[in-house]
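Asker: Working from the sequences, and respecting the hints, build out all of it.
Sequential numbering of the sequence shown, starting at 77, is according to my numbering.
Warning: the hint list may mix true and false statements.
What the hints assert, rightly or not - Derived DEER-like restraints, expressed as beta-carbon distance ranges:
(1) Thr196 <-> Asp433: 47 to 57 Å
(2) Glu113 <-> Pro82: 28 to 38 Å
(3) Glu410 <-> Asp292: 48 to 58 Å
(4) Ala218 <-> Ala302: 25 to 35 Å
If you are wondering where the hints come from, they were derived from the structure by calculation, not from laboratory data.
For each residue, glycine too, the CB sits at the ideal point set by N, CA and C.
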Amino acid sequence: MTDYLPFARPNIDEQTIAAVAAVFRSGQIASGPKVLELEAALAAYIGGGRQLRALTSATEGLEIALIACGVGPGDEVIVPAMSFAASANVVARAGAKPVFVDVELATRNLDVALVERAVTGRTRAIMPVHFAGLPVDLDALAPIAARHDLRVVEDAAHAIGTRSRGRPIGSFGDVAVFSFHPNKNMTSIEGGAVATADTAVVELVERHRFHGIRRDVHGEIDVVLAGAKSNLSDVAAQVGIEQLRRLEGFNARRRALAAQYFEALDGCDQIVLPARGDEGHSWHMFTVLIDFAKHRTTRPEFLQAMADRGIGIGVHYPCIPALTYYRGLGYRPEDTPNAARIGRQTVTLPLFPAMRDGDVERVATALRAQIART
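Answerer: As structure tokens, this is what we get:
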């Protein structure tokens, strides 16, 4: 029987397992020296004089980064209409209003050409998402933000190791937030990090992630704001340290697998392939669009048929304005037609470093065969 191929799988080696065991044996398993080591290693990897602060998730990082940038009740934040729901949820949780802008069909990234017309007197920030590891054109976005005095908080959850014109994402710009969830390019089990050169934002992230506590030189505790509890553990940090040393290899393998997908699916006009990008793309995911209505089937039927062939398929992502919560606030998916189409038609093919070369051909063959049957 053919092995089941999931759409994602973390790659944890024996060195990592041994290093984590050593942390357990040390007795220091909450936030401590390993978190500091991870933050320093990330800062060295990304460069650009940035400071990194680790948290329990990118979602926490995005919410805290928005608050640290002054976003609050009555404000508006521009976000892409097609992303994981967290991209909008964090805006709502900060008390602000998400303003959805459509995405480009091929890149799935925020359509920068549409951003400026979405700016109002209440806009406080723009939050682009580097979808699947493909960088948004930040050089085009930056002048818009500058003209309107807006903060740019990059949702870089997919983009650790991504480079834009040779520059690592997070090494330039305003604020970037990375995710280390198990299906990301590197993991700390659950976790994330905020990258910025803004020392005021760094200080506020530190306060918000641990109860708003500030200690004086004598170790006395004060609470200066109503903070959260989102500090990373040393156990998780050690996983992140070990993953970071392997990240360049992971991403190189992802790029090679993506190239194989393009070759294997060349000429398959029943699907819409993602934009290829350049060598800076870190290929967190490989998503394609299928017109299920045209093929007289549904996405759940397609997913089940591929699962029956031993292949796991993901869905990344529904159009955010189409979700029940946001519909209830008056948003309409038809206002962002590319995001709505992607939300209906998207599927995510398996892509992770441990895949064998033959796995790509297996997926492509099964996909072509299943489409031909409909």
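Asker: With reference to the structure, classify each hint as holding or not holding.
Answerer: Verification of the hints:
no. : hint                          : result
1   : Thr196 <-> Asp433: 47 to 57 Å : holds, 50 Å
2   : Glu113 <-> Pro82: 28 to 38 Å  : holds, 31 Å
3   : Glu410 <-> Asp292: 48 to 58 Å : holds, 55 Å
4   : Ala218 <-> Ala302: 25 to 35 Å : holds, 33 Å
Hint check: no violations occur; every hint is consistent with the structure.
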